[in-house]
Amino acid sequence: MTLILPRESTRAHPPSLHPAYTSTVLRAPSKPLILVPHTLSELTGPVYGHDKVRESDSDLTRQHDGEPLGERIIVTGRVLDEDGRPVPSALVELWQCNAAGRYVHTRDQHPAPLDPNFTGAGRYLTGEDGRYRFTTVKPGAYPWRNHHNAWRPAHIHFSVFGPSFLSRLVTQMYFPGDPLFPFDPIFNGIPDERARNRLIARFDLETTQPEWALGYQFDIVLRGRDATPTEEPHDH
Amino acid sequence: MTTETRKDITRPDGISPSQTVGPFFHYGLTPGEAYPHVPVSADGHVAARGTPGEHIVVTGRVLDGEGQPVPDAMIEIWQADAEGRYAHPNDKRPRASNTFMGFGRSDTKADGTYRFETIKPGRVPGPGGRDQAPHLVVAVFGRGMLKQLHTRLYFSDEAANDGDAILALVPADRRQTLIATRDGQTYSLDIRLQGEDETVFFDV
Chain A
270 MTLILPREST RAHPPSLHPA YTSTVLRAPS KPLILVPHTL SELTGPVYGH
320 DKVRESDSDL TRQHDGEPLG ERIIVTGRVL DEDGRPVPSA LVELWQCNAA
370 GRYVHTRDQH PAPLDPNFTG AGRYLTGEDG RYRFTTVKPG AYPWRNHHNA
420 WRPAHIHFSV FGPSFLSRLV TQMYFPGDPL FPFDPIFNGI PDERARNRLI
470 ARFDLETTQP EWALGYQFDI VLRGRDATPT EEPHDH
Chain B
14 MTTETRKDIT RPDGISPSQT VGPFFHYGLT PGEAYPHVPV SADGHVAARG
64 TPGEHIVVTG RVLDGEGQPV PDAMIEIWQA DAEGRYAHPN DKRPRASNTF
114 MGFGRSDTKA DGTYRFETIK PGRVPGPGGR DQAPHLVVAV FGRGMLKQLH
164 TRLYFSDEAA NDGDAILALV PADRRQTLIA TRDGQTYSLD IRLQGEDETV
214 FFDV
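Quick note, the sequences are listed as chains A and B, same order. In my numbering, each residue's number is its place in the first sequence (first place is 1) plus 269. In my numbering, each residue's number is its place in the second sequence (first place is 1) plus 13.
Treat the hints with care, as some may be off.
As the list claims (entries may be wrong) - Lysine-lysine pairs mimicking BS3-like chemistry, simulated, CA-CA at most 30 Å apart:
1. A:LYS407 <-> A:LYS321
2. B:LYS122 <-> A:LYS321
3. A:LYS300 <-> B:LYS122
4. B:LYS105 <-> A:LYS321
If you're looking for bench data, these hints aren't it; they were derived computationally from the structure. These numbers come from a predicted model, not from an experiment.
Using the sequences and the hints given, assemble the complete structure.
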């Protein structure tokens with residue numbers, strides 16, 4: 270397929286400089302970016318095969334001897350292009366803190382307990398339907414030192430590879446109704462409310478498994494569309 | 014009949030916006046030896062020993078607006094093989110080797126250093142039917158970075174740099190921020206996120 274990557278789509282992203290998130294102040298470019306054409310270097314990117322990913326990579330509750338503490342959840346959704354077409358063979362990587370709000374990371378000093386049965390890393394390679402699926406526990410909120418009494422809303426980090434290097438996306442998935450949304454400069458770094466809302470998963474009773482786990486749906490839309498002329502989808 | 018055949022497709026109202034990788038991405042994205050039970054999707058070993066081409070090391074530091082090392086950044090590179098072929102279906106030309114993927118990922122250490130062991134890429138097609146100079150495309154992620162920055166890395170000993178269509182778009186006095194200098198088999202280039210000698214970042 271011939272890929273096109275519309276530039277205007279990137280307006281959904283936050284700006285590099287967002288002073289309310291204080292670490293951006295010394296890490297954002299001060300000079301204007303230089304506009305360049307898309308060459309073969311930009312229109313290609315790493316291709317992953319199913320040989321790389323094991324089934325156990327996507328169940329974060331079964332990576333240790335025992336089960337982790339916390340609210341068991343299923344997170345599933347589709348990786349889509351800008352036209353809503355599924356993106357097959359997209360590598361989805363995910364990492365998160367445990368139910369108490371503590372990352373297994375050696376640099377996390379938050380005095381909440383580590384869970385010996387939870388690492389919090391997983392990955393999945395989408396099938397033809399673009400769908401991915403993880404089983405995990407709901408991450409906790411945790412404090413950070415950006416400003417006085419700063420707490421991150423509960424979130425799961427996602428890293429996704431699409432059809433090209435420019436489709437590459439690192440983002441975070443949030444949970445519906447989180448009371449911390451209004452106070453979080455990372456979430457609110459996204460200027461457009463509709464774009465922010467695309468990062469909030471939807472609770473789904475259909476995905477929820479009786480006597481087992483709550484289900485959330487989270488679709489991820491990557492930059493890029495197929496340039497091959499096709500019939501336009503009708504919305505009515 | 015399009016509503017029948019395409020009923021499962023609704024156009025999204027936009028792409029998913031980016032968010033920072035944060036400070037704690039390592040165990041998920043660059044687990045290395047610190048988190049041995051986490052599977053590795055990519056690391057700094059881009060080219061295996063037997064890969065055809067000139068084997069090189071690409072390294073440098075990531076620095077912030079005050080010139081301080083950034084110890085929690087992540088660099089990803091994407092490149093062609095030694096003959097200038099990408100391991101991707103959009104590159105239709107035949108490849109001599111199908112084992113080279115061309116994708117690498119390195120976190121930065123306490124001193125801000127990233128490092129890749131790879132091969133020098135060949136020239137790839139560019140605008141106007143002219144080949145580009147050998148280069149890596151580079152994405153920079155980090156705590157304090159709400160979205161990745163895109164840049165490129167060129168090689169100081171390549172005469173083709175003078176005719177490269179992308180370098181030609183960069184003001185002459187800033188081109189050196191994209192050109193790694195050679196010492197033996199090692200090419201070095203610092204990435205300065207902000208300031209007087211700021212790296213050129215691209216609007217792609």
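Results for each hint:
Only pairs whose Cα atoms come within 30 Å are accepted, and LYS407 of chain A paired with LYS321 of chain A is accepted, the gap being roughly 26 Å. Pair hint LYS122 of chain B plus LYS321 of chain A holds up; C-alpha atoms about 26 Å apart against a cutoff of 30 Å. Annotation: proposed proximity of LYS300 of chain A to LYS122 of chain B holds, straight-line Cα distance about 26 Å (limit 30 Å). The suggested pairing of LYS105 of chain B with LYS321 of chain A holds, with an alpha-carbon distance near 24 Å, which does not exceed 30 Å.
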